[in-house]
Amino acid sequence: MKARTDRWLAPYRRLLAAYGPQHWWPGETAFEVMVGAVLTQNTAWVNVERAIDNLKRDALLTCRGILALSDADLAERIRPAGYFNVKARRLKALCAFLAEQGVADHPVALRDSAPLAELRQRLLAVHGVGEETADSILLYALDLPVFVVDAYTRRIFTRLGLLRGEERYAAIQRAFMDRLPAEVRLYNEYHALIVHLGKSVCRPRPRCGACPLLHRCPHPRT
DNA sequence: ATCCCGACTG
DNA sequence: CAGTCTGGAT
849 MKARTDRWLA PYRRLLAAYG PQHWWPGETA FEVMVGAVLT QNTAWVNVER AIDNLKRDAL
909 LTCRGILALS DADLAERIRP AGYFNVKARR LKALCAFLAE QGVADHPVAL RDSAPLAELR
969 QRLLAVHGVG EETADSILLY ALDLPVFVVD AYTRRIFTRL GLLRGEERYA AIQRAFMDRL
1029 PAEVRLYNEY HALIVHLGKS VCRPRPRCGA CPLLHRCPHP RT
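As numbered in my numbering, the first sequence has no gaps in its residue numbers, which increase by one up to the final residue, 1070.
Since the hints were made in silico from the structure, they are not lab data. Keep in mind the model is a prediction, meaning the values are calculated, not measured. Here a beta-carbon is modelled for each residue, glycine too, at the ideal position from N, C-alpha and C.
Quick list of simulated restraints, FRET-style, between CB atoms:
# : residue 1 : residue 2 : range
1 : Arg1016   : Leu908    : 32 to 38 Å
2 : Val934    : Ala1018   : 23 to 29 Å
3 : Ala858    : Lys1047   : 16 to 22 Å
4 : Gln949    : Glu876    : 18 to 24 Å
5 : Ser961    : Arg852    : 33 to 39 Å
Here are the simulated lysine to aspartate or glutamate pairs, DMTMM-like style, with alpha carbons at most 20 Å apart:
#  : residue 1 : residue 2
6  : Lys1047   : Glu980
7  : Lys940    : Glu880
8  : Lys904    : Glu880
9  : Lys940    : Glu924
10 : Lys904    : Asp953
11 : Lys940    : Glu980
12 : Lys940    : Asp953
13 : Lys904    : Glu924
14 : Lys940    : Asp919
15 : Lys940    : Asp921
16 : Lys940    : Glu979
Could you put the whole structure together from the sequences, leaning on the hints where they help?
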């Protein structure tokens, strides 16, 4: 293994040893993962679960079920996830897209409808789907090898001295994908572990004493 | 740069 | 009480 790869893979090994497999994404079907990816935008997952349960309770966690609701009705049901008016429109846009693609009754089939690069472009064209949401859907709903970047990734790897902190999403994603083997399993687990570390330890005000990566962090605080 | 927004932590 | 949460559109 090249040293260039190892600097970006070592944190993964360390985090996996410390925290164990995270078993992401917490969703039963590809469609549920897609809905969760939109609902969790800037929102704690516990709040997303409530919104998803609200839809499940009335068997509305389907493409057609969501499209059949009025914006106001849908917004009311997903209220616990916050930004409910915005997200109601975004969920409908996502479902309308799936219907257009002819996969409303079997959303996971989206995977085989186009090559990865084109699928990503199509998702990015959907209202409410930005880079992180698109990549989360590709990786966690469709099992395609795309590395998901988020605010935790930027913060953690900047503190580790591997990023400067000003890089755009695409640059950070390329940093990982150019160096790591293109394995769905690895990308899935790595991002999940990054989120865990970012939430529990490498927070805005970090708890460096509890960090599994402390030994390779240039400027630990506290 | 600002708005969207409920639910929870410290 | 302020801060934070698996962002994206305008």
